[in-house]
Structure formats: structure tokens, C-alpha cells
Amino acid sequence: MPEAASFDYWILTFSAITVIVTIWMGFRSAKTSKSASDFFVAGRSVSVGWNASAISGEYLSAASFMGIAGMVMLSGYDALWYPVCYACGYLFLLLFIAGPLRRFGAYTIPDFAEGRYDSPVFRKIAVCFVLFIGFFYTMPQMKGAGTTLAYIFPGLPYWVGVAVVGAVITLNVALGGMKGITLVQAVQYWIKMFAISVPIFVLLSVYGGYGKNLSLNGSAADIASPPAIVQTVEPSTPQRLALPEKAPADEAWISPFGPLTTKAATAAGLSPEESKPLSLLYTFSLIVALVCGTAGLPHILVRFYTNPDGVAAKKTTMWVMILIGVFYVFPPVFGVLGRNFLPELYAATGSKGPDKVVLELPILIREKYGILGSILSGITCAGAFAAFMSTFSGLLVSMTSALAHDVYGRMLRPQSTPAQRMNMFKWCAILIGGVSVILGALVEPLEINFMVGQAFAIAAASYFPLLFMSVWWRGMTMKGAATGMLTGGLCALFSATLVNASTLALDKGPMGKLFAGFSGMNDFWRAHPLLRILAEQPAIWSVPLAIGLMIVVSKATKKTVPQDIRMKMLVLHAPEKLGLKQEYIEEHQGMGH
Amino acid sequence: MAHQNPDHDDFIHSEEFLHHLMRRQLRLSVACAAAFLILLFGLPLANYFVPDIMAQRVGGFTLTWLILGVLFFPFVWIIARIFITRSMALEEAEVQLAAEGNEKRKA
Numbered sequence: 001m002p003e004a005a006s007f008d009y010w011i012l013t014f015s016a017i018t019v020i021v022t023i024w025m026g027f028r029s030a031k032t033s034k035s036a037s038d039f040f041v042a043g044r045s046v047s048v049g050w051n052a053s054a055i056s057g058e059y060l061s062a063a064s065f066m067g068i069a070g071m072v073m074l075s076g077y078d079a080l081w082y083p084v085c086y087a088c089g090y091l092f093l094l095l096f097i098a099g100p101l102r103r104f105g106a107y108t109i110p111d112f113a114e115g116r117y118d119s120p121v122f123r124k125i126a127v128c129f130v131l132f133i134g135f136f137y138t139m140p141q142m143k144g145a146g147t148t149l150a151y152i153f154p155g156l157p158y159w160v161g162v163a164v165v166g167a168v169i170t171l172n173v174a175l176g177g178m179k180g181i182t183l184v185q186a187v188q189y190w191i192k193m194f195a196i197s198v199p200i201f202v203l204l205s206v207y208g209g210y211g212k213n214l215s216l217n218g219s220a221a222d223i224a225s226p227p228a229i230v231q232t233v234e235p236s237t238p239q240r241l242a243l244p245e246k247a248p249a250d251e252a253w254i255s256p257f258g259p260l261t262t263k264a265a266t267a268a269g270l271s272p273e274e275s276k277p278l279s280l281l282y283t284f285s286l287i288v289a290l291v292c293g294t295a296g297l298p299h300i301l302v303r304f305y306t307n308p309d310g311v312a313a314k315k316t317t318m319w320v321m322i323l324i325g326v327f328y329v330f331p332p333v334f335g336v337l338g339r340n341f342l343p344e345l346y347a348a349t350g351s352k353g354p355d356k357v358v359l360e361l362p363i364l365i366r367e368k369y370g371i372l373g374s375i376l377s378g379i380t381c382a383g384a385f386a387a388f389m390s391t392f393s394g395l396l397v398s399m400t401s402a403l404a405h406d407v408y409g410r411m412l413r414p415q416s417t418p419a420q421r422m423n424m425f426k427w428c429a430i431l432i433g434g435v436s437v438i439l440g441a442l443v444e445p446l447e448i449n450f451m452v453g454q455a456f457a458i459a460a461a462s463y464f465p466l467l468f469m470s471v472w473w474r475g476m477t478m479k480g481a482a483t484g485m486l487t488g489g490l491c492a493l494f495s496a497t498l499v500n501a502s503t504l505a506l507d508k509g510p511m512g513k514l515f516a517g518f519s520g521m522n523d524f525w526r527a528h529p530l531l532r533i534l535a536e537q538p539a540i541w542s543v544p545l546a547i548g549l550m551i552v553v554s555k556a557t558k559k560t561v562p563q564d565i566r567m568k569m570l571v572l573h574a575p576e577k578l579g580l581k582q583e584y585i586e587e588h589q590g591m592g593h
Numbered sequence: 594m595a596h597q598n599p600d601h602d603d604f605i606h607s608e609e610f611l612h613h614l615m616r617r618q619l620r621l622s623v624a625c626a627a628a629f630l631i632l633l634f635g636l637p638l639a640n641y642f643v644p645d646i647m648a649q650r651v652g653g654f655t656l657t658w659l660i661l662g663v664l665f666f667p668f669v670w671i672i673a674r675i676f677i678t679r680s681m682a683l684e685e686a687e688v689q690l691a692a693e694g695n696e697k698r699k700a
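If you read the sequences in order, they're chains A and U. At position 297 of the first sequence (counting the first as 1) the number is 297 in the numbering used here, and the numbers step up by one without a gap. So the number in the numbering used here is just where the residue sits in the second sequence, counting from 1, plus 593.
Just so you know, these hints were derived from the structure itself, not from any lab. Incorrect hints may appear among the rest.
The calculated DSSO-like cross-link candidates involving lysine-lysine, where the alpha carbons are at most 30 Å apart (straight line), are [what the hints assert, rightly or not]:
1) K559/A with K581/A
2) K699/U with K559/A
3) K513/A with K263/A
4) K699/U with K568/A
5) K426/A with K697/U
6) K697/U with K577/A
7) K577/A with K699/U
Turn these sequences into a full structure, and let the hints steer you where they fit.
This is the structure in C-alpha cells:
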């Protein structure tokens, strides 16, 4: 059926409008952003409402819009941890990091790293992770792009979609800079919110409520005492469709510790009793990665500096939590409905699999309501475009700034003029956009949401310990911070890459051949399910490892604690009204900086 | 701002003030984080140890699905709201304290 339903003009129209509006806004504001500081941090003059919408717009990526629904459909309850922790990670950011960092007033995480330890060398180390985390985060965005374009234009190869979207956004960023992005991001939040909620309300009114659809999935407890609800289903509620063989059974799907967290143990042939503790470990590690990782995302922290003061920064965070929290209630509903009414997606893989459930589900009501189905599907496609375009733009700006501002402007050519740096910004954007497209083309067989989770795990083991410890412990030294961040972050990066390579080796398509060298890893994983879980979800060991190393090495190098540490801590923690920041800057200039 | 004093022996720059400041901020943050972490890590434990209770149906949802998929968000908003209100009050109090402390030193 989906193959036959070739090309739908409604869907194309809505998607095209989103893309055109995005690009138009980017170009329009490019005219008004002239100076270099405008380009990098949006002139620091953004109101709370706009900034909160912009942060949310940037944060809600293809993983949130498409990936969660796909993963809930595929794995059931366990996948709910993703939306919850994506939203709650912000709380951690608010509690421990947002305020102090804002008071310290540096543009980016590398700026903070340099300022806190008076060390340009450390800045160069810290900047690497902007690129590592950024590339891990762009891969799933690119998969979202390829999946959506392959849905709109049936028959279009996946990689073409990736290349087209990558090229469009890269051009937009190279010409617009961040001032354009703030406005675009804010508008795109509202597009996404509209696009995820309106189709849900229509679908639920056709197919019955959220709870009713969940109750169609019986658990073992229900079989013992069948709930009354199932018998009193209204006659208008359509019956769910038969599940194909590849779909997980009801009981496993709706209960905790289902297919997602028991995969490694099942592959190793363990019994359910043996695998349950491993599932619990998996869940905990996932929670640590997502909650701590949010605080370490390079493209999110930058936005705290676009607030006029610390109070505004806190209000912004509150609004962000409300805006994204409301959003995250909806995607799992798509997953639940998809399981009941679009089960044929279970049989497909790659860009034709469950990751496209959000796009395709509204089409189902076309039989009954005609054109409305196409319009709603067009709306969710527009939302998907807004999702991967906004996140990819934000990441591209962060990564390009790191490359142009830090690597070029400070390491390679410190004497370059502002005009040269602006020019370099454009070339760096094109370079990073190109690499992202290549990486994105490789990852079709991997789940969108899973890949984003890995980016969070790397952030959790590198930037989170750095920020958290630097803000709250005055005994930290540069050597301690660098050792912890590098070891934790690289360990997480290495295990995530290894897991992805061995998963790609299982693919039946071209990627399987490309990564065939890693197929031996899969035998090893089958023999060692615990190691597989620890590699797949590394946060539970890599975060403590990073923090532990920071403490040990800092104690060993106690003599190199920055001399004016008391002043630095005061700037981080004292209310802005006391004006310590200004004094600190003057002192530093006095010292010949 | 009263910082004509180049060698920083006023109250704002004292060890005492910094210590006090960080301790109060950390205590507030840790208390809020604890409320959040207990629920966050408690839910998988509840799923593990009392699966039957968590699998009970509430309006079609299983109890654990309802908590995680819907109720968790408002819970986090409440914590965030409390934290923001308290931390703004705390900043006001610190500014007050700093002013008083400086007066005392001068006297």
C-alpha cells in the first residue's frame, strides 16, 4: 500500500513551505547581522520567550520528533525513558550549571574551560569534544532527513535525501549565522509543536484514546483478570491489526525490561530471570547518560549566554522545561497507535522501518476522511523538516564556531583579521556540512533515537563532569580536568563507535559489506552480554570514571590550582548585582592579559 | 560598587562569604536534585521489585506507563519552579548579607 501511494502533492506542499520559510528567514536576517560578534552569539539581546522557544526548537531534534515514536513502537515501555530524560536533563542543567556558567560569562564551553583554568592549552583540548559530540548528534538528524525525503518521494535513494538536506542547511548557515538561527529556531519550535499535537488529536478522535489504545496490548496480569475496558470498546473503535512475526509480543512490549533492554541478554540465550538484573543496569545507565548528557551538549549551553542576565537565564530554563515537557507527551502516542494500526512497519528496516511511523500514520485516515489524511501527513512531514533542520543548523553553528573561532582563529592563524575569520566561518560550515552528510549516509540501518542517546552518553562523560566539577569544586586543576574529560569522553566515544560498527555489520544491505570486518564482534557480544550492555550504554561507568580521575589527578597536582581561585569561585557563585564580574575582568586586564 | 580596595580585604572577597554562598546554593540544588533522583531511580526499582502493582491498569494505561509517560513532566516542573523561586530569594539575601558584612567590617 505505501509503495502504491506514490507521490502526494499535499505532503510535498507542506514540506516545501517549511523549507522555503526557513531559508527565507535565514537570508532575511543575514542582511541584518554584520559584525563578527553578531554572528557568533546573536548580539546577546534575545527576550525570555523567544530564547526559550529557540532553545526548545533547537533541542527537539529528529530523535524527538520521529525517533521516539519509532522506538516506542519497536520497543514499548523501555523507550519512554528517552523522552522523559530528554526533558528532565534540563532540570540538572538548571540546578547545577546554568546559573554559575551564565555569571562567569564566556561564549562557549571552550571559553569557559580557558577562563576557569587560565589555560589556552586546555581550550584546545576542550574544543575537540564540540566536534565529537556534534558529529554523533548530526548522524541521526541526517537519517531523519533521508527517511523523510524517501517517504515524500517514494523510490528516492536514502543518501540523496541526506545530501540534499545537508546541502540546503549548510548553505543557510554559511550565509545566515546565528542571529538568523535564533528567530528560525523559535518559529520552528511552534511548527513542531503544532505538527505533533494536531494530528494526534485527530487520530485519537478516530481511533479512541491513548489509554484505550494501550489497553489493546494485554499483559500477563490482564490475562489473569481481563480488564472491563476491553469488553466495552465502543463499536466505532477500529480493531487493531494483526502483528507480524518480527513484532515483540504484547507482554514484552508493554512491560518494563522489554526488547530494548534485554536484547543483549536474549542474544546470549539467558533466561528471563538471568536477564532482568542486566535490564535494570541498562535502564540505569541510560538514565545517567540522558540526564547528565543534556548539560553537556555544546549547542544548548551557548544559548544561556544570549540571555540579558542570570534571572532571565533561569526563567528561560523554566519555560524550556514546560515547552519541551508538553511536547514529549505526544510522540509515544504515535508509537502506540503505530503498533496497533501500522504493524507492517515492523517487517521493514532502515528508512522504511518504524522511524517513519510519525510521517505515515495520518495517511491511514485517508480512507475515511479523504484529503484530511494527506494534509495531516503533510503537517507531520513539515514538523520533521523543522526538527532535523533546526537541530542540524544549531549543531553546525556550534561546530563551525569551534573550528573557525578556535582552531583557525586561535591555533592556526592567531593574527588573522575579522574579515578573514568571517570568510573562514563559511568554509568551515561547508567542510563540516560535507562530513556530516557522509556520516549520515552510512547510518541508515541504525535507529535515530538510539544514536542521539549515544551522543548524550559522550557528552555525559566529557563535558558534564568538566562543568559540574569546575563549578562546584575549587580544588580542580587543569590537568585533572583534562585527564578526566579526555578519558571518560574517549572511552564513551570508543564504545559507542564499536557498538555501531558491529550493528552495521549485521545489515543485509551495502553497509553490511562495508562494515563486514566488525562482524566478529557480534560473536563476542553474544558470549559477553554484560560487556555488550556496558558498551552500548557506557554512561554508568564512564561518568564516574571521569569524575574519579578528575579528583585523583587534581589532588596529585594540587600546586597548580589557579592562584585567584577564590575570585573565580566568587564570580561563578556571587549574585551578579555585586558586580564582581566587572572587577574580575579589570584585574585580568591589569595582569596583562 | 565598593571595590576601591585593591587588596580585597572587604567582606565580599572573604573566604567566609564565599563558603557561605556556595554551601547555601549547593544545599538548595542538592535537595531539589534528590527529590528528582529518588523518583527517577525509584521507578525502575519499583518495576523490578513490585511488577504486579506497576502493571495495574489505570484507564487503560499500566500504572508505570502513566507515571513515566505523563505524570513525570508536571512533577519536574514543580521542582524547577520551587528551585527558581528559592534561588532568586537566595540571591537577594546574599546581596543583603554582603552589604551588611561590608558595613560591619568598616565599623
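### Message
Hint check: K513/A vs K263/A, CA-CA at most 30 Å. Holds or violated?
### Response
23 Å, holds
### Query
Are the Cα atoms of K426/A and K697/U separated by 30 Å or less?
56 Å, violated
### Query
Can the restraint linking K699/U and K568/A be considered satisfied, given a maximum Cα separation of 30 Å?
24 Å, holds
### Query
When you check the alpha-carbon spacing of K697/U and K577/A, does it fall within 30 Å?
20 Å, holds
### Pair hint K699/U and K559/A, alpha-carbon separation not exceeding 30 Å
34 Å, violated
### Task
Would you mind confirming whether the straight-line C-alpha gap from K559/A to K581/A stays at or under 30 Å?
25 Å, holds
### Task
Starting from K577/A, check that the Cα of K699/U is at most 30 Å away, please.
Measuring from Cα to Cα gives roughly 20 Å; hence the hint holds.
Consistency with the previously given hints fails for numbers 2, 5, ordered from lowest to highest.
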